[in-house]
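> These are the residues of each chain, in order.
2 protein chains.
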Amino acid sequence: MKIVSARDFRLQREVDYGTAEQNQAVKDIIRGIRTEGDTALLRYTEAFDRVKLSPQDLRITPDELQAAYSQVEPSFLEAIRAAAVNIREFHMKQRRASWMDLQEDGSVLGQIIRPLQRVGVYVPGGKAAYPSSVLMNVIPAQVAGVPEIVMVTPPATGGKAGIDPYTLVAAAEAGVTEAYRIGGAQAIAALAYGTETIKPVDKVCGPGNIYVALAKKEVYGVVDIDSIAGPSEIVVLADDTANPAYVAADLLSQAEHDEMASAILITPSRPLAEAAAEEVRKQLAELPRREIASASIEQYGAIIVTETLEEGIEVVNRLAPEHLELMVENPMAYAGLVENAGAIFLGAYSSEPVGDYFAGPNHIIPTNGTARFSSPVDVDDFIKKSSMIYYSKEALFKNGAAIMELARHEGLEGHARAIEVRLKNEGEAE
Amino acid sequence: MKIVSARDFRLQREVDYGTAEQNQAVKDIIRGIRTEGDTALLRYTEAFDRVKLSPQDLRITPDELQAAYSQVEPSFLEAIRAAAVNIREFHMKQRRASWMDLQEDGSVLGQIIRPLQRVGVYVPGGKAAYPSSVLMNVIPAQVAGVPEIVMVTPPATGGKAGIDPYTLVAAAEAGVTEAYRIGGAQAIAALAYGTETIKPVDKVCGPGNIYVALAKKEVYGVVDIDSIAGPSEIVVLADDTANPAYVAADLLSQAEHDEMASAILITPSRPLAEAAAEEVRKQLAELPRREIASASIEQYGAIIVTETLEEGIEVVNRLAPEHLELMVENPMAYAGLVENAGAIFLGAYSSEPVGDYFAGPNHIIPTNGTARFSSPVDVDDFIKKSSMIYYSKEALFKNGAAIMELARHEGLEGHARAIEVRLKNEGEAE
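Line order of the protein sequences matches chains P and X. For the first sequence, the UniProt record's numbering begins at 1 and goes up steadily by one. For the second sequence, the UniProt record's numbering begins at 1 and goes up steadily by one.
One or more of the hints may lead you astray.
The list cannot tell twin chains apart, which means a pair is met if one copy fits it or any two copies do.
[As the list claims (entries may be wrong)] Below, in silico cross-link-like pairs of lysine-lysine (DSSO-like), each with a Cα-Cα straight-line distance of 30 Å or less:
id: 1; residue 1: LYS199; residue 2: LYS27
id: 2; residue 1: LYS127; residue 2: LYS398
id: 3; residue 1: LYS217; residue 2: LYS27
id: 4; residue 1: LYS282; residue 2: LYS424
id: 5; residue 1: LYS127; residue 2: LYS52
These are calculated hints, taken from the structure and not from any lab test.
Isolated chain P (complex conformation) (with noise of 0.2 Å):
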């Protein structure tokens, strides 16, 4: 790994937004969706997943969902099972009650907050297809209250029973109402504006290709989409008390993600930035992914030697990561000096891989700088929230003047009027 200087670092990755083929492409997709509804559906799936379906093939019945069971093995289940109970304690805490604030004059002002009523929740198929994901997708919208959850994920290419049993069980297990054997921007259309066979919804969330995600992009306003993710990301602050094989574990396992992953380490140690580099090299040479994550390594690593820890907190903030892990002597000490970050993982044991699957926060982060505006996955995306104002006869008396003066500076005076009809009706003193 090359060591380099905070000064000279920057990380730029850009965003991949199709070719003009590809979105003309999905924009032809979803007209069709829009036109023919299920023949659409049926004809995309055949063409692009080589896979003939009629519209009773598109479900995937609760049966098909049990039957999934006898296909993994107990100790994956068992351990998909205390993830989901972790991830659902975490996003617990995240629900938020509607509230009311009652005034002396009468009026009652307040906050109603309700889940959406319908989420499709998309998984993209074969070796894309990640059962952590699925929880992490679905469980917050189960949390928040949402009463359908549809998932969809493409048949595999030959066979409509192909669906990855692991996928099912981690989708009975979160709490999905509802599968569909479809894939592709022919599903995000199908979920967006809904067909014969499927009810549209009004949120479309889950990774996919690039198609998924130019139809996502397309589709948002008529419903509402989650955001399109980057490149994974990891910045480790290690002081001289992180182990180096630790910090060269955790570094690779990020950039074993994908070539455009990013995994960097800060450090004002240079023992430590050479003893981890040192590492990196060792356990990079064992790892099955090494070709991957070199790529990685290469393009978009970095050592960064600070002069300071503090100084690496200056740069973590400007990086703004989606993963950051705190490796050095007391990390509480620097926690509250981080600014912008998606996750923070404290201390030698809160390795990522502990929150890619398993403490119970979300694993869906923002990428590509946006922590310093954006968020994790969590509660809030599921719910939707209204004001409420009762105003009292006594409070539209005693503030009409003032609601009318703000109208008509405004050139509203129809406005006005909506007031002062009801005060010249009733007013006593008017």
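Knowing the structure of chain P, use the given hints to seat chain X on it.
Just chain X now, kept in the frame of chain P:
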């Protein structure tokens, strides 16, 4: 107003995505600001606002803000101050604390809540400068704790001093910390990317013309943006206890906003439907903005007569209106049945302008059916969350096997080894 059946009614308005020329113009302006900074900013200001400024003119000085106070009437100042107090009090109740969850094995999980660091608020110039919108955009950011709140507003054509004093007073009262006389797409680009004079922000919000809207869409991802508001809507659900003059005045207060605004009465009472229609005719004839209001009523207005109030609620939930008034005998009996509405006004005295200007809840509310999945602007729009994970050694040893099981199932051996290196190095029983 036309009286229609619930079955026949559909509200559909197209969103304006701009012409190809407008989109290209906005892209060019953003590129100009990114490459040339202040130089481009001054050039566009001269070209579009016809005002020749030098870099030191860009900033609206604190002295100018103060001087504006002498140009507004005391009654305006009093009204805006009273409104600001109410808005601040309501939004204070939305503030949330960071929290921690201490586990039995010594682990600590948590959610850290922080304000955004720097926010830009766009305020349109000329007749579209609404002081009330300045309060509604700025106060939630201030209550969230955002330390730097930057207002931009275009200079009036022909003079550098031409900023509306009412806007400046509203800005000062709301808590703006910096202000610049710039507008259009160039102002949005300057806020997103920064120039020599203007430091970049984390989020841009506030309404504007089509160029401002397109620029916000374009910079989204570099910074956060608020949603792009569509034309305003009101639905009044009323029974035969409602005063038709109040109903009509409230419908017209919405219709006068914009020819694309929508005002809809839903009632099971045909006599009320007819009396309200007659009142709309009468009041419309005397409204200063009657041309706008009649175009709105003609195209997007309707009176829907239902069998029952419950059927009316079903129509409301389908429309998901921005504003809903429940002008019925017992509004609380129906509030709980409303699934989708941005703001709900209960009873005869809660006329919509009460909320537009004064009561406290935000008047920036989801339009065009998006209340199905989005919410009024509030303090949550100006915060970011970070997850925190402190995992104890005990927790890692207890759960390491499950974490490795899940990682290996997903083919991410590097993730498993980040756990394993710790268990092997420090394990006694391993």
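> Look at each hint and say if it fits the structure.
Against the structure, the hints:
Within a single copy, LYS199 and LYS27 get their C-alpha atoms as close as 20 Å, which meets the 30 Å cut-off; across copies the closest is 38 Å, which misses it. Within a single copy, LYS127 and LYS398 get their C-alpha atoms only as close as 65 Å, which misses the 30 Å cut-off; across copies the closest is 29 Å, which meets it. In the homo-oligomer, the alpha carbons of LYS217 and LYS27 lie at most 30 Å apart both inside one protomer (11 Å) and across protomers (19 Å), since each shortest distance falls under that limit. With identical chains, the CA atoms of LYS282 and LYS424 are at most 30 Å apart between copies only, with a shortest distance of 17 Å across copies and 85 Å within one.
In this assembly of identical chains, LYS127 and LYS52 lie within 30 Å of each other by CA distance solely inside one copy; the values are 22 Å within and 59 Å between copies.
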